[in-house]
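Here the structure of chain U is known, so what remains is to put chain R with the ligands in place on it, guided by the hints.
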Amino acid sequence: MAVVQQILFLITLIVAIFFIWKRIVRIKSNIQLGRQTPINGNKAARWRNVLLIAFGQKKMFKRIIPAFLHFWIYAGFIIINLEVLEFILDGVLGTHRLFAPLLGSFYPLLMNFFEFLAVAVLISCIVFLIRRNVLRVKRFWSAEMTSWPRLDGNLILVIEITLMLAILTMNASDQLLQLRNDHYAQTGRLFFSSFLMPLFDGLNTSTLIVLERSTWWFHIVGILGFALYVTYSKHLHIFLAFPNTYFSKLGPKGHIDNMPVVTNEVKSMLGLGATETPLGEPGRFGAKDINDLSRVNLMAAYACTECGRCTSECPANITGKKLSPRKVMMDTRDRMEEVGKSIASGGPGLQDGKSLLGDYITKEEINACTTCNACVEACPVLINPLDIILELRRYVAMEESGSPAQWNSMFQNIETNFAPWKFSASDRFNWANELKSKS
Amino acid sequence: MSEESNTVPTMAEMAAKNESPEILFWVGCAGSFDDRYKKVTIAFVKILNAVGIKFAVLGPEESCTGDPARRAGNEFLFQMQAMSNITVLNGYNIKKIVTACPHCFNTIKNEYPELGGNYEMVHHSTFLQQLIDEGRIKMKEGGAFKGKKITYHDSCYLGRANGVYEAPRKVLESLDADLVEMKRNRSTGLCCGGGGAQMWKEPEKGNKDINVERTEEALQTGATTVAVACPFCLTMMSDGVKNKEKENEVVVKDLAELIAESQGL
Ligand code: SF4
Ligand code: SF4
Numbered sequence: 001m002a003v004v005q006q007i008l009f010l011i012t013l014i015v016a017i018f019f020i021w022k023r024i025v026r027i028k029s030n031i032q033l034g035r036q037t038p039i040n041g042n043k044a045a046r047w048r049n050v051l052l053i054a055f056g057q058k059k060m061f062k063r064i065i066p067a068f069l070h071f072w073i074y075a076g077f078i079i080i081n082l083e084v085l086e087f088i089l090d091g092v093l094g095t096h097r098l099f100a101p102l103l104g105s106f107y108p109l110l111m112n113f114f115e116f117l118a119v120a121v122l123i124s125c126i127v128f129l130i131r132r133n134v135l136r137v138k139r140f141w142s143a144e145m146t147s148w149p150r151l152d153g154n155l156i157l158v159i160e161i162t163l164m165l166a167i168l169t170m171n172a173s174d175q176l177l178q179l180r181n182d183h184y185a186q187t188g189r190l191f192f193s194s195f196l197m198p199l200f201d202g203l204n205t206s207t208l209i210v211l212e213r214s215t216w217w218f219h220i221v222g223i224l225g226f227a228l229y230v231t232y233s234k235h236l237h238i239f240l241a242f243p244n245t246y247f248s249k250l251g252p253k254g255h256i257d258n259m260p261v262v263t264n265e266v267k268s269m270l271g272l273g274a275t276e277t278p279l280g281e282p283g284r285f286g287a288k289d290i291n292d293l294s295r296v297n298l299m300a301a302y303a304c305t306e307c308g309r310c311t312s313e314c315p316a317n318i319t320g321k322k323l324s325p326r327k328v329m330m331d332t333r334d335r336m337e338e339v340g341k342s343i344a345s346g347g348p349g350l351q352d353g354k355s356l357l358g359d360y361i362t363k364e365e366i367n368a369c370t371t372c373n374a375c376v377e378a379c380p381v382l383i384n385p386l387d388i389i390l391e392l393r394r395y396v397a398m399e400e401s402g403s404p405a406q407w408n409s410m411f412q413n414i415e416t417n418f419a420p421w422k423f424s425a426s427d428r429f430n431w432a433n434e435l436k437s438k439s
Numbered sequence: 001m002s003e004e005s006n007t008v009p010t011m012a013e014m015a016a017k018n019e020s021p022e023i024l025f026w027v028g029c030a031g032s033f034d035d036r037y038k039k040v041t042i043a044f045v046k047i048l049n050a051v052g053i054k055f056a057v058l059g060p061e062e063s064c065t066g067d068p069a070r071r072a073g074n075e076f077l078f079q080m081q082a083m084s085n086i087t088v089l090n091g092y093n094i095k096k097i098v099t100a101c102p103h104c105f106n107t108i109k110n111e112y113p114e115l116g117g118n119y120e121m122v123h124h125s126t127f128l129q130q131l132i133d134e135g136r137i138k139m140k141e142g143g144a145f146k147g148k149k150i151t152y153h154d155s156c157y158l159g160r161a162n163g164v165y166e167a168p169r170k171v172l173e174s175l176d177a178d179l180v181e182m183k184r185n186r187s188t189g190l191c192c193g194g195g196g197a198q199m200w201k202e203p204e205k206g207n208k209d210i211n212v213e214r215t216e217e218a219l220q221t222g223a224t225t226v227a228v229a230c231p232f233c234l235t236m237m238s239d240g241v242k243n244k245e246k247e248n249e250v251v252v253k254d255l256a257e258l259i260a261e262s263q264g265l
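For the protein sequence lines, the chains are U and R, in the order given.
Those letters in the first sequence? Residues 1 to 439, by this note's numbering.
Those letters in the second sequence? Residues 1 to 265, by this note's numbering.
With the rest of the complex left out, here is chain U (with noise of 0.2 Å):
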């Protein structure tokens, strides 16, 4: 029996870490189709940034609740999945609870840490399923969170909900055999599952093995079926959301990132000589596709959590515009999926007569946006749909000339004039008249 649950075992963790490998190839390759760009600076700043925002969730403090509450999710995600590798080893050797004749009296402290843990998630998850479909949190509600994306937030969270479940059921079971079979490995008792501990009394011994055994299978069976559906999902941020804050601009958030290639063309037409050797074939000047973006872009589309807090201190999405930055996001990474799917299938991929502009984000709503940082600062991930909104707005100042007319003719006085404005450029310093005048 013990040896026909092993192979069993050894099966579906290869199966899922096939599926799970699968899709992580499928992901890297869509990252790929970005354009690679230098990524200069200090590493040291990077690194602080991974601590301090990845890891020490930093910009989440901003709003109390909710990140006291994810505090809870997160911290118990990372510690309790210190018990799936011994469930995994387990589940290999064909052994129960490996791990506590090893640990000894520190084993059920631990128990009973994860149990604490995995009640701080319970709760959690359930005060999470509230605010977003009771209390109806404005911010998950915003136009562009249609069924996938709502259903993708619920799911994860009833998933969680059940697989503490089962961690909890299988805890009180297997108090109850190790009160009546002394061979099963002793935790003591543990103190929220044995709470639960009344409600399977009545069962017979048999019964309790298959249940203790099935709710082990469920855990980790569910584990491995999560860690294949966040592939797919907004949860990927659990981890992506670590190199994103890696790779996230350093330095003043006003700057925006220089186009050396215009820079070499500009140098000429001055005549101030081209310095810098020939940058090769320019491609696209700004982005129409995901494969203009870079790599760095498309990585943000993935550890996007699409939490809306971005979208939420929006001063176009506050004011009804159709920008919402973190659409921009949802659909640079639906775009990629679309394209690396197509790729994948023999499909003509990029040449698919679709694109990020036009076909996902539109051109009212790139136009909406007042560069004002707000989405910037507030993502918690350190994601900057800023940087997708300028490139598109580049893409159609540059290649299709196709700016609305009234920035098109401040572009015309800013050639003719040298302001935005329709001023004769002999007249700039005629504010001073008034002082001299008097003077």
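It cannot be assumed that every hint is accurate.
Derived coverage of chain R by chain U (criterion: at least 3 residues anywhere in the stretch with Cβ under 8 Å from a Cβ of chain U; other residues may be distant) [what the hints assert, rightly or not]:
no. : segment
1   : 69–80
2   : 111–124
3   : 190–197
4   : 202–208
5   : 222–233
6   : 237–249
Hint data in this document are derived by calculation from the structure and do not stem from the laboratory.
Even for Gly, the Cβ is constructed at its ideal location relative to N, Cα and C.
Frame of chain U, contents of chain R with the ligands only:
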């Protein structure tokens, strides 16, 4: 201080006399052309004169930094502007620049270095604060602003973009005024709606204009003065106040104007 003593030397004049200024005052397009905002330029020049700072302006040689072009996506135009400005500035061997416009400030400070323009860039809020701290601007006790409610509207390009949150507030506090904050302030301050080249076009369809949303928030504080530190904020907030038909009760003013007023300039 008599108005007669106000001078506005240009760099060309200074260079001809083989002199160099302590600071270059970068006026900006709004500061040069916008009728309302020209008053801010003049207020700042008066302060510079009163304090006795050796400054110069580029005058007719100044041109748009290129900020709106870059933000609207026209990188060519931005770089053309940037490079010709850098040529002028480097030609005069400019070291330190002060400007009242956060957009010019941001562009010259953060975006010109990559194109060969390296200057010490100071926004007038920080500059004014330094002058007050150094005692070069002496604030009178119980001035005209004593006890008046003032709220400060953060400019995105000063605040979030460059982390300047406290200098403008310190300047206002020196007025002895009652500084009240809006709900969204500092890093969560709401944009006036004018940045990112929005100044030059109609807003997209929505259910409200951004400046109205922000003005409502400013009015809720009960302040009678909305202090700003940016030409676009000045326009947007003034329009917002008009939209709410409060222009008789609430004024929108730049920091430099408030300081100049308090000094009787
Ligand atoms: S930078 Fe643009 S997208 Fe981001 S919050 Fe401001 S207006 Fe919205
Ligand atoms: S971009 Fe950041 S703030 Fe916006 S939804 Fe994604 S994770 Fe949240």
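Here's how the hints hold up against the structure:
Given as covered by chain U, the segment 69–80 of chain R passes the check, having 11 residues with a CB less than 8 Å from a CB of that chain where 3 are the minimum. Remark: the segment 111–124 of chain R is confirmed as covered by chain U, as 3 of its residues place a Cβ nearer than 8 Å to a Cβ of that chain, reaching the required three. Under a criterion of three residues with beta carbons nearer than 8 Å to beta carbons of chain U, the stated coverage of the segment 190–197 of chain R is upheld, 7 such residues being counted. With a cut-off of 8 Å between beta carbons, the segment 202–208 of chain R has 7 residues touching chain U; three or more are needed, and the interface restraint holds.
Requiring three or more residues with a Cβ within less than 8 Å of a Cβ of chain U, the coverage given for the segment 222–233 of chain R is violated, as only 0 such residues are present. Here the segment 237–249 of chain R counts 0 residues with a CB under 8 Å from a CB of chain U, which misses the bar of 3, and the coverage is violated.
In the structure shown, a violation is registered for the earlier hints numbered 5 and 6, in ascending order.
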